[in-house]
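Undergrad: For the sequence shown, the working numbering assigns the number 3 to the initial residue and increments by one for each residue that follows.
I should point out that these hints are in silico values taken from the structure, not numbers from a laboratory. For every residue, glycine included, the Cβ atom is placed at its ideal position computed from N, Cα and C. Mixed in with the good hints there might be a few duds.
[To be verified] Now the in silico label distances, taken between C-beta atoms and shown as ranges: (1) Lys-4 with Gly-33: 43 to 49 Å; (2) Lys-25 with Lys-4: 27 to 33 Å; (3) Lys-4 with Ser-32: 29 to 35 Å; (4) Lys-7 with Gly-33: 38 to 44 Å; (5) Gly-6 with Gly-33: 38 to 44 Å; (6) Gly-6 with Ala-26: 28 to 34 Å; (7) Gly-33 with Leu-12: 31 to 37 Å; (8) Leu-12 with Ser-32: 28 to 34 Å; (9) Leu-8 with Glu-29: 30 to 36 Å; (10) Trp-30 with Arg-9: 28 to 34 Å; (11) Lys-10 with Ser-32: 32 to 38 Å.
[Unchecked claim] Straight-line distance between alpha carbons at most 25 Å, and here's what the computed DSS-like set of lysine-lysine pairs gives: (12) Lys-7 with Lys-17; (13) Lys-17 with Lys-4; (14) Lys-25 with Lys-10.
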Amino acid sequence: MKTGKLRKNLLTWSKLQMLYCIKAGREWQSGSMPPVEGRENV
Numbered sequence: 003m004k005t006g007k008l009r010k011n012l013l014t015w016s017k018l019q020m021l022y023c024i025k026a027g028r029e030w031q032s033g034s035m036p037p038v039e040g041r042e043n044v
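Generate coordinates for the entire structure from the input sequences, incorporating the hints supplied.
TA: Okay, structure coming up:
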């Protein structure tokens, strides 16, 4: 049961992360959010 719950939490987290990335990408493309320098270097 523990592993199932953990896996479910991991899926939810990855979904939230993906949604955030998509949202940030759209904002960046529309120009409302300036690109963060050095982010890809981290």
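Undergrad: Each of the hints needs a verdict: does it hold here or not?
TA: Hints and how they fare:
Between Lys-4 and Gly-33, the C-beta spacing of about 45 Å keeps the proposed range 43 to 49 Å intact. Roughly 32 Å separates the CB atoms of Lys-25 and Lys-4, a value that falls within the hinted 27 to 33 Å. Between Lys-4 and Ser-32 the beta carbons are some 42 Å apart, a value that contradicts the proposed interval 29 to 35 Å. Between Lys-7 and Gly-33, the C-beta spacing of about 41 Å keeps the proposed range 38 to 44 Å intact.
Between Gly-6 and Gly-33 the beta carbon distance is about 43 Å. The supplied range of 38 to 44 Å therefore holds. Between Gly-6 and Ala-26 the beta carbon distance is about 31 Å. The supplied range of 28 to 34 Å therefore holds. Taking the beta carbon of each, Gly-33 and Leu-12 are about 34 Å apart, inside 31 to 37 Å as hinted. At about 31 Å, the beta-carbon gap between Leu-12 and Ser-32 stays in the expected band of 28 to 34 Å.
Distance hint for Leu-8 and Glu-29: a CB-CB separation of about 31 Å, consistent with the stated range 30 to 36 Å. Checked against the hint of 28 to 34 Å, the C-beta distance between Trp-30 and Arg-9 comes to roughly 31 Å, which is consistent with it. Separated by about 33 Å at the C-beta atoms, Lys-10 and Ser-32 satisfy the suggested range of 32 to 38 Å. Between Lys-7 and Lys-17 the CA atoms are separated by roughly 15 Å; this keeps the pair inside 25 Å, and the hint holds.
Of the pairs offered as hints, the one joining Lys-17 and Lys-4 holds, with about 20 Å between alpha carbons and a cut-off of 25 Å not exceeded. For the proposed pair Lys-25 and Lys-10, the alpha carbon gap of about 23 Å is at most 25 Å, so the pair holds.
Checked against the numbered hints given earlier, this structure breaks only hint 3.
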